[in-house]
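Peer 1: Going by numbering that gives the first Met the number 0, 339 is the number at position 340 of the sequence shown; the sequence numbering is gapless.
These aren't lab readings, by the way, just hints derived from the structure by calculation.
From a predicted model like this one, the values you see are computed outputs, not experimental measurements.
Per label pair, the in silico range of CB-to-CB distance:
(1) 265 / 523: 37 to 47 Å
(2) 402 / 27: 39 to 49 Å
(3) 287 / 207: 48 to 58 Å
(4) 528 / 117: 45 to 55 Å
(5) 332 / 187: 25 to 35 Å
(6) 216 / 34: 50 to 60 Å
(7) 206 / 529: 52 to 62 Å
Calculated pairs, DSS-like style, for lysine-lysine (alpha carbon to alpha carbon, straight line, at most 30 Å):
(8) 514 / 156
(9) 514 / 413
(10) 413 / 156
Here a beta-carbon is modelled for each residue, glycine too, at the ideal position from N, C-alpha and C.
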Amino acid sequence: MIEAILIILVSLALAWPLGLYLARLMRGTPMRIDVLFHWIEKPLYRVLGVDPNHSMSWRGYVLAFLVSNLVLAVLTQAVFMTQAWLPLNPDNIPNMRWDTAFHTMVSFLTNTNQQHYSGQAQLSYFAQMTGITGLQVITPMMGLALAVATLRALFMKPASNDTSNAPIRVTVGNYYADVVRLCLRFLLPLCLVWTLLLNWQGVPSTLAAGPQATPIDASAGMETQKIPLGPVAAMVAAKQLGANGGGWYGPNSSFPLENPTPLSNALELIGILLIPMAIICMLGSFTGRRRFGALVFGCMLTMSVLSTSASLWLEGHSASAASALLMEGKEARFGADGTALWSTITTQVQNGSVNGMHDSLSPLGGLVPLVNMLISAIWGGIGCGIQQFLVYLMMAVFLAGLMTGRTPELLGRKLETPQVRLLAVLVLLQPITLLGLTALSLAVPGLAGTSNPGFHGISQVFYEFTSAYANNGSGFEGLADNTVWWNLSCALVLALGRFPILILPLVIATQLAAKRQVPQSAGSLQIETPTFALTLICVVIVLTVLQFLPALVLGPVAEHLSLLALQGAPSP
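Starting from the given sequences, assemble the full structure and let the hints guide the process.
Peer 2: Here it is in structure tokens:
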């Protein structure tokens, strides 16, 4: 717990000033660094053919978002399927199979980084640097841009002298300007600092081919073994800071070259939390409502503390953990507690990197990451996390309004039928997608490719789809997932878990912004209170944990009880 507390405190200490800087950046406040960045940004705007000062409607903003994603998708798919003929391929990696390339493209395009390939063995340096690391920088900033646009609309102040009944014109900023500023002035400088720190700790950073070595246990006549290298440090920095996940190597951050020291382990954990925390610290300053920022931070911190405490106890001290091989699947340098801490932080954030195999977690230890991903708003991903939290917030406002017999109002604007319908789509899409595809995969013989025929096999399949929908990317890696079925089905889930949660809250926010504000009264719902915060957390539990309770009981809970029965222990 000391390590967990230190990681959270250091992350928060760094996130607070970073959040204030982010608020100024996205408000367009003049800063001294403008002179430094303008000479880079202006040529980019000319190439893109956009006016950064032109504020878009939500339709124009979303269209720009979708078009940019389509362009990146085509370019990335082309790189993966032609990498054998492109430069920077010293290890002679062949072209990627079409379905694996398609899944990988969708995975990294959606800021998920779910990998159905084995790390460096199937990607050239060029593919890693462009299709992987490049998207790890751009796509999280796209998500953050959509979240900022939603906040602009939701907290837009009406003109004080506007008393007419004319429709309110809602604009949400310029998509291209938002993404360019976030990439150049925010994420890339952080990636540079983290790259240098990780390289200092021993993470490789080279374009040379990997050296040949003879293993110390080699028998006579045994061939030498190739040690894979590459520009690893930059990719690892981007994957952690951008809430991306994935890994240069197949074993991810449990591999010594990707995570060589205790300090690099701490740096990577802090990198996972830093920007999601900074976004929450940004809210109060950016929206002008510091109590709202405190509400969001308090709810997320409460859920984070509960999740972290449960993970550390269940993995190291529960009866089913003690009955299993505790260190199986864990990196010996970090131990079971270090793996449990990483597993809960990486799923509280939509990151997905690992320093041990989640498939080897105890049944209830594996339950915690599952619940974290079903919630997707405990710190959350970059952009998607705050959007998901706003969905929970609006659902809590709607339910609170029903309980008090009043028309639900959020910030003085009424939540009516069109907004509730869109919220219902987001709430129902998750269980329909996850439970439907899990049932189909398990019902067709040989389709799932699980390594365990029992309850754990159900968990493997459910975890894979949950990870894809949550834009997380971690997995129970006992699953044989590099098949046409898994690549195409997960690509569908990746898209469903990314685009609706980014776009629909923006649509709802602009619909609310177009309404006249209702004067506040004694009967108005106050959302910035501890009572509403408790209501909100209860809504999160009802909408996630309870609606998936049958799937969780058939998987982790049933596996836990079966292990207790095998060792003759009494059930709790």
